[in-house]
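**Q** Since chain F is already given, all that's left is putting chain L on it; use the hints.
2 protein chains.
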Amino acid sequence: MTAYSPRDFHPLRFQLATTAFAGGTDTPRAFLERCLATLAEREPVVRAWVVLNEAAARDAADASTARWAAGRPLSPIDGMPVGIKDLLETRDMPTQMGCPAYRGNFPKRDNAAVWALREAGAVILGKTVTTELGGAHPGPTTNPFDQTRTPGGSSSGSAAAVAARMVPAALGTQVGGSVIRPSSYCGNVALKPTQGGINRGERQATSMSTTGIHAGSIEDMWLVAIEIGKRAGGDPGRPPLSGPPVPPSARRPMVLGVMETEGWAALDDASRSAFEQVVERLRAQGVTVLRRAEHPMLEAFEASLMGVQAMTSAITGWENHWLFRNLVAQNPDAISARSKAVLAMAERMTPEDYRLHLLRREEVRARHAALAPVVDALIAPASPGPAPAWSGDVPGQPPKPRPTGDAVFNTPSSGIGAPAVTIPLCAVGGLPMGIQVMAQVQMDAHATAIARWMLETIDPVVA
Amino acid sequence: MTAYSPRDFHPLRFQLATTAFAGGTDTPRAFLERCLATLAEREPVVRAWVVLNEAAARDAADASTARWAAGRPLSPIDGMPVGIKDLLETRDMPTQMGCPAYRGNFPKRDNAAVWALREAGAVILGKTVTTELGGAHPGPTTNPFDQTRTPGGSSSGSAAAVAARMVPAALGTQVGGSVIRPSSYCGNVALKPTQGGINRGERQATSMSTTGIHAGSIEDMWLVAIEIGKRAGGDPGRPPLSGPPVPPSARRPMVLGVMETEGWAALDDASRSAFEQVVERLRAQGVTVLRRAEHPMLEAFEASLMGVQAMTSAITGWENHWLFRNLVAQNPDAISARSKAVLAMAERMTPEDYRLHLLRREEVRARHAALAPVVDALIAPASPGPAPAWSGDVPGQPPKPRPTGDAVFNTPSSGIGAPAVTIPLCAVGGLPMGIQVMAQVQMDAHATAIARWMLETIDPVVA
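Top to bottom, those sequences are chains F and L. With our numbering applied, the first sequence covers 1 to 463. With our numbering applied, the second sequence covers 1 to 463.
Bound conformation, chain F alone:
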């Protein structure tokens, strides 16, 4: 195994290839075949996929090849092979959600975002591993940079498939930290959009889940997001993700704020040092970087973040508990012990408890909104260090906590519903650690533009 370095790692990039598609020197079918070759090589160890539909993918890639040859691609992502997290329905593959209760579940429907991707010409290659129902209980996927470590969760397979260069992009979902954290651990870029900005289709049952995009490059990330937003819009009642039809240009921020969250104290020394070096490099570029002690509004925001991890867990546990109850009522073994513990926690709550959590969430949202005139964006580690080791539960012993890592740096943006973009700007101990940029609600393109500037300007930190 070679130590990861963001300077040397070359992610798979789709947008770069489209010039060759247009020029006739490469084709979407050839691109797909290269993806399949990588997949055949890496999958036995990485285990990112639940199911593949290679025949349909080849047909779709051939159709895309014909469109590029005719000079009539459906979109800039026409021909892009994409993985779909196995929580989202696809009409040609089962949707099993990493959960025994859904084994063989095959509703033969396309999620709104999947439908939009097909309309844009993308090639739906397969379903990627998710933790059970998007929760804590892990699937079999390993970290592409160290097979003894977790790829993160819950979008484990999507993050790992992109990092292993099997596909240039994949859809994930985040309710706590399920897109940004695994992308941090896997050295991807990723967008967790403004809550509601990408239509969740059938997955509307919780108030914080969001469809997000894992990609090798920020250009591909944005193109996938905007091509979905243009076609599938946002959640019912919510404005769609909007922004330029091309990747936003790099934008140099004037003022960034550091968001510490309740995870700051637990950050290991090497990871904190890597983050502080990023801050120093930003300052060296003339960017003002505010710390919490330097601005009362930033301090007030941080104060409101204490307890957010528990608050978001309680909100989601409550919102999922009829689903979980029904599954357990049908079959006591339908969900894991980890998911049962979440259900037991929710069963102790009342609607009034839930309402108090919502009030707390509103307070956090208000304190974040108050930062709009203070900072162009907030930055933070995208995870508390690089991917932790994971060797599985021990039979007969209680499930180990947090097998896919800790979402403590991600629950603020999830709770607020604010967009977050992670970029692979650090290596710690030979493994990736992302830096996230979080902006005000609806400012997805702005967050992307700042992240792009950082990615193109700041020399990566290898700690």
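Honestly, I wouldn't trust all of these hints.
[Claimed, not checked] The calculated lysine-lysine pairs, modelled on DSBU-like cross-linking and capped at a C-alpha distance of 30 Å, are:
1) F:Lys108 with F:Lys340
2) L:Lys400 with L:Lys340
3) F:Lys108 with F:Lys230
4) F:Lys340 with L:Lys108
5) F:Lys340 with L:Lys230
6) L:Lys108 with L:Lys230
7) L:Lys108 with L:Lys340
8) F:Lys108 with L:Lys340
9) F:Lys340 with F:Lys400
10) F:Lys230 with L:Lys108
11) F:Lys108 with L:Lys230
I should point out that these hints are in silico values taken from the structure, not numbers from a laboratory.
**A** Leaving out everything else, chain L in the frame of chain F:
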């Protein structure tokens, strides 16, 4: 057939019976048997039910009987037989949604509100007829007061089952006018709660659908609503319906506003006259009744309602169109020609069109909120007259428009997300016509208290 009069019609009332349950002179099992006897008599013509689970209902009624005998009922609605609209999932009965695509669909899950009803001891008797997917295409149910007329839709079976005294209460859902309109046509009371106040469980896919309650009495209506709210809470991210644990006391309003909507001009003379007589009787009780010409804020609100019918149709059509697309993709005959027309309309929309409708909706909401200091509530006919005749489509000809009546008086509260209560205060041509009370968002108990005062104070109008 006898002409309907609100003075002579005696609805089935559950709350009244509970004194006898407590005193040992009546039992929930006997109450259920009386319901089943009525059902056996009326159902061949009314056709309110898709499926019954009489065995499970009898078991539940026996368990309730034991609890009342022991002096330990689970709630004031312990033992109440309830019908469930066939859009909502029930673990012991199929959920077929009035749609060929869902024939035999049996997910064996309880909707959150159904789960709450069971926890409160209610007896889940069966599934009631819905129009196809809650849209315009009708089921077989007839109006209990005139079998040549529609019961209204989409909650056709729930409204008719209550009006035929088969059950004291039933759950419906409203996205345009699907609770208040059929209750108006059937002489029931009904609550369409604040949007999001009653947890919709698996039915979160549209931004205006709401679970509502049809009942014979305002006391039963409130008790069902609050017992659900106490247990299942609201939609994800939304505060639960809240208010007193007992039916709100009658509250005399000081100022009511008349809401004309874009349906006013089309109101037939007899129905308009009946409504104006209600207004006169309110004034005779010392209530100030404002008309649009008398207050600029009321006029501004009315102006914003022009086009709301089309706006709400477009929003819902868009929000449902992935569902509809997937159904048609699986089987071209999966949905009716009426539903296909809705899909075709939505396919012509873009996310930006949808976003513009949402902006318009915000404007209507703002203008309604501005009325908070002006009127205690708004009143309006709950439907444009009594139930229209319905004799079915003619094979080979295009589907007739609006087979279950016109939602024009209901789309304002649906679009705004405001609570509405209808009460059976008029008879027009020997058929029921409801009067609705619409209050500010979250003021469900306030709307109920005013409606209760009107029901107890205003002499019904027979026109």
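**Q** Now tell me if each hint is right for this structure.
**A** We went through each hint and held it up to the structure:
1. In summary, the hint linking Lys108 of chain F to Lys340 of chain F is supported, as the alpha carbons are separated by about 28 Å, within the 30 Å threshold.
2. A distance of roughly 14 Å separates the Cα atoms of Lys400 of chain L and Lys340 of chain L; the hinted pair therefore holds under the 30 Å criterion.
3. For the hint linking Lys108 of chain F to Lys230 of chain F, the alpha-carbon distance of about 24 Å falls within 30 Å, and the restraint holds.
4. As the CA atoms of Lys340 of chain F and Lys108 of chain L are separated by approximately 19 Å, the hinted pair is consistent with the 30 Å bound.
5. Note on Lys340 of chain F and Lys230 of chain L: the hinted pairing holds, with a Cα-Cα distance of about 23 Å set against a maximum of 30 Å.
6. With a CA separation close to 24 Å, the supplied pair Lys108 of chain L and Lys230 of chain L stays within the 30 Å bound.
7. Taken as a hint, the Lys108 of chain L and Lys340 of chain L pair is honoured in the structure, with Cα atoms around 28 Å apart against an allowance of 30 Å.
8. As the CA atoms of Lys108 of chain F and Lys340 of chain L are separated by approximately 19 Å, the hinted pair is consistent with the 30 Å bound.
9. Of the supplied pair hints, the one linking Lys340 of chain F and Lys400 of chain F holds, its CA atoms being roughly 14 Å apart against a limit of 30 Å.
10. Restraint check: the Cα-Cα separation between Lys230 of chain F and Lys108 of chain L comes to about 36 Å, which exceeds 30 Å; the hinted pair is violated.
11. Using a Cα cut-off of 30 Å, the hinted pair Lys108 of chain F and Lys230 of chain L is violated, with the two alpha carbons roughly 36 Å apart.
Against the hints set out earlier in the document, violations occur for numbers 10 and 11.
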